[in-house]
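Colleague: Residue strings, one per chain:
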Amino acid sequence: MRLYAVVVAGGFRRFATYRLATVAGVFTNTVFGFIIAHTYIALWDERPHLGGYDVSQAVTYVWVGQALLVTVALMGGGFEDELIERIRTGDIAVDLYRPADLQLFWLSGDLGRAAFHILGRGVVPMACGALAFDLALPGSALTWGAFLLAVLLGVVVSFALRFLVALSAFWLMDGAGVSHVSWLTGMFFSGMLLPLNVFPGVLGEVARALPWSSLLQLPADVLLGMYTGWELAGVYAFQAGWAVALLGAGRVLQRLATRRVVVQGG
Amino acid sequence: MAGSEALAGGGSHGAGAVADGGTHGAGAVAGGGSHGTGALADGGARARRALLTDGVRAYGLIVAMWVRSTMTYRASFVMTTLASFATTAFDFVAILLMFSHIDALGGYSLAEIAVLYGVTGTAFGLCDLVLGSVERLGRRVRDGTLDTLLVRPVPVLAQIAADRFALRRVGRVAQGVLVLGYGLLTVDVAWTPLKALMVPAMVLTGAVIFGAVFVVGAAFQFWAQDAAQVQNAFTYGGNTLLQYPPTVFTKDLVRGVTFVVPLAFVNWLPALYVLGRPYPVEVPQWLAFAPPLVAVAAGWASGIAWRAGLRAYRSTGS
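Residue numbers (numbering that gives the first Met the number 0), protein chains in the order written: chain A, 0 to 265; chain B, 0 to 317.
Since the hints were derived computationally from the structure, they do not count as laboratory data.
Possibly wrong hints are sitting among the right ones.
Just some of the chain A residues that point at chain B, by a computed CB distance under 10 Å [what the hints assert, rightly or not]:
#1 Ala15
#2 Arg18
#3 Ala20
#4 Ala23
#5 Val25
#6 Phe33
#7 Ile40
#8 Leu42
#9 Arg46
#10 Leu49
#11 Pro199
#12 Val201
#13 Val205
Where a beta carbon is used, it is the ideal one built from N, C-alpha and C, also for glycine.
Make the full structure from the sequences, and use the hints.
Modeller: Written out as structure tokens, the structure is:
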């Protein structure tokens, strides 16, 4: 357990090193936040209460999206590129000999990364949004805590999905195609394009049932105070259920994949 | 002299000498004409032309190499091209989803927004295809591999623009063209020859204006290597901004992209003339026809920024 705690801390420190990149990223998130917020205001101007949000909740949703974009690795760019590269070059053989579980090792690193990103990339854009717009942020610390727990579960689901993507490199060698398709699916079904409760009919129902809704839609709704009591427990159960199922699938795939590894000695 | 300084002063000086050597050399070739007599000026112009031809030819060679390399993983190429198409298509799907609830956004119909979207999408796609790789400059500065490019007898900009050329980006161009076609077919416009001519002109000048922003962003990375993201705010962010009508945004924001970062000339100003819509900010009407001038000016300014950045470059030192 100590080993994995060290890896979590290492993941945090590793991303904390790039201070200028963090500032640049915050700038970009903030610019996009402004652009998207104005398009949402125009949309909610035409249709007040669309999807059960009022204008200020819709704008809050935009800024939650910008704050979580990197934390839940919606655009990819987390550990998976590195793992794919290790699989392609064969360095993965070394990892498999290490006295640590492959999946837990990378999960720990990714949790450390996410912890840094929610602080480094999340807080400032959210503050900028709160300064420039009238946001519907909760006053109670309890709701913020509930939000953070939903984000944590979202990160685990996101990790489990990206771990599956990375392992596909055992068969495809070049993982760029799969990881691109995967983050694309994530962008669409997480609610990053548009809140999932604005999706019409069946599309909306399907989108809300898929694992990606754990990444943005559900944490945002928890922050907006849409769920309390048992409903909130239901949200966590939904996220945890997907996390367990996808992590399990990752383990199965990992077992199949490692059988394919041939170490070239010499 | 530069060499001895490099030996005496250690790594960082040495790299400086390499960088200086590179730019001085180019300066001598490019600037020679302006100082000298008529004959020399003539030679300068010829040298500049030669430099340009060299750059374009080298660009073509490097691009061809990357295309061959891409084709090694054909399945991955097909998937990334489709993904590139779909990535941008999702932006438009979001707009379609919005229009499943509304008839007009900011007073604009879906067809009008499709025209705005199509022009900026195609222009940005073309620019991204040709020049998109320059955003990787910061990485090359960081890991020191930029030095390799400096000692080759090919303009650095041509090398960095062709570096890791991504053919998959044609997916983005195709998506922009499709939406533009849809917009032009469905939009209600009293077409004149001038308006018809302005559509392809917008796409081309728009690509040049975006290109200038890309190059300025890359030049900025000579100073701030980790700040590639800042560039995204202006390139990808600018593209997203221009997909929507200017009436959606605050007037200050519209003024900013009209007079500070001239993105409004990519589509807003000329397209609003074509669509017969008033510009939400008070501007003289002839600005609708200014994009070619703005493109030339922006290209020129980006050249200056690029040379300044290259001159300021100091290597990682080890």
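Colleague: Any CB of chain B closer than 10 Å to the CB of Pro199(A)?
Modeller: Since the shortest Cβ distance to chain B is 5 Å, the answer is holds.
Colleague: Does Arg18(A) pass the interface check with chain B, least Cβ-Cβ distance below 10 Å?
Modeller: holds, 8 Å
Colleague: Would you settle whether the hint for Leu42(A) is holds or violated, based on the nearest Cβ-Cβ distance to chain B being less than 10 Å?
Modeller: It holds, given that the least Cβ distance between Leu42(A) and chain B is near 5 Å, below 10 Å.
Colleague: Is the hint on Val201(A) kept, meaning its closest Cβ partner in chain B is under 10 Å away?
Modeller: violated, 13 Å
Colleague: Do the numbers back the hint for Ala20(A), that is, is its least Cβ distance to chain B under 10 Å?
Modeller: holds, 4 Å
Colleague: Given a cut of 10 Å on the nearest C-beta pair, is the interface hint for Val205(A) held or broken against chain B?
Modeller: Given a least distance of 14 Å, the restraint on Val205(A) is violated.
Colleague: For the hint on Leu49(A), just tell me whether its beta-carbon gets within less than 10 Å of chain B.
Modeller: holds, 6 Å
Colleague: Can Phe33(A) be said to touch chain B, with a Cβ gap under 10 Å?
Modeller: Hint on Phe33(A): holds, closest Cβ of chain B at ~7 Å, below 10 Å.
Colleague: Was the hint right that Ala23(A) lines chain B, CB cutoff 10 Å?
Modeller: holds, 4 Å
Colleague: Double-check Ala15(A) for me: the hint is only fine if its C-beta lies closer than 10 Å to a C-beta in chain B.
Modeller: violated, 13 Å
Colleague: Min Cβ distance, Arg46(A) to chain B: is it shorter than 10 Å?
Modeller: Since the shortest Cβ distance to chain B is 5 Å, the answer is holds.
Colleague: Using Cβ atoms only, decide whether Ile40(A) comes closer than 10 Å to chain B, and label the hint accordingly.
Modeller: holds, 8 Å
Hint check: violations occur at hints 1, 12, 13; the rest are consistent with the structure.
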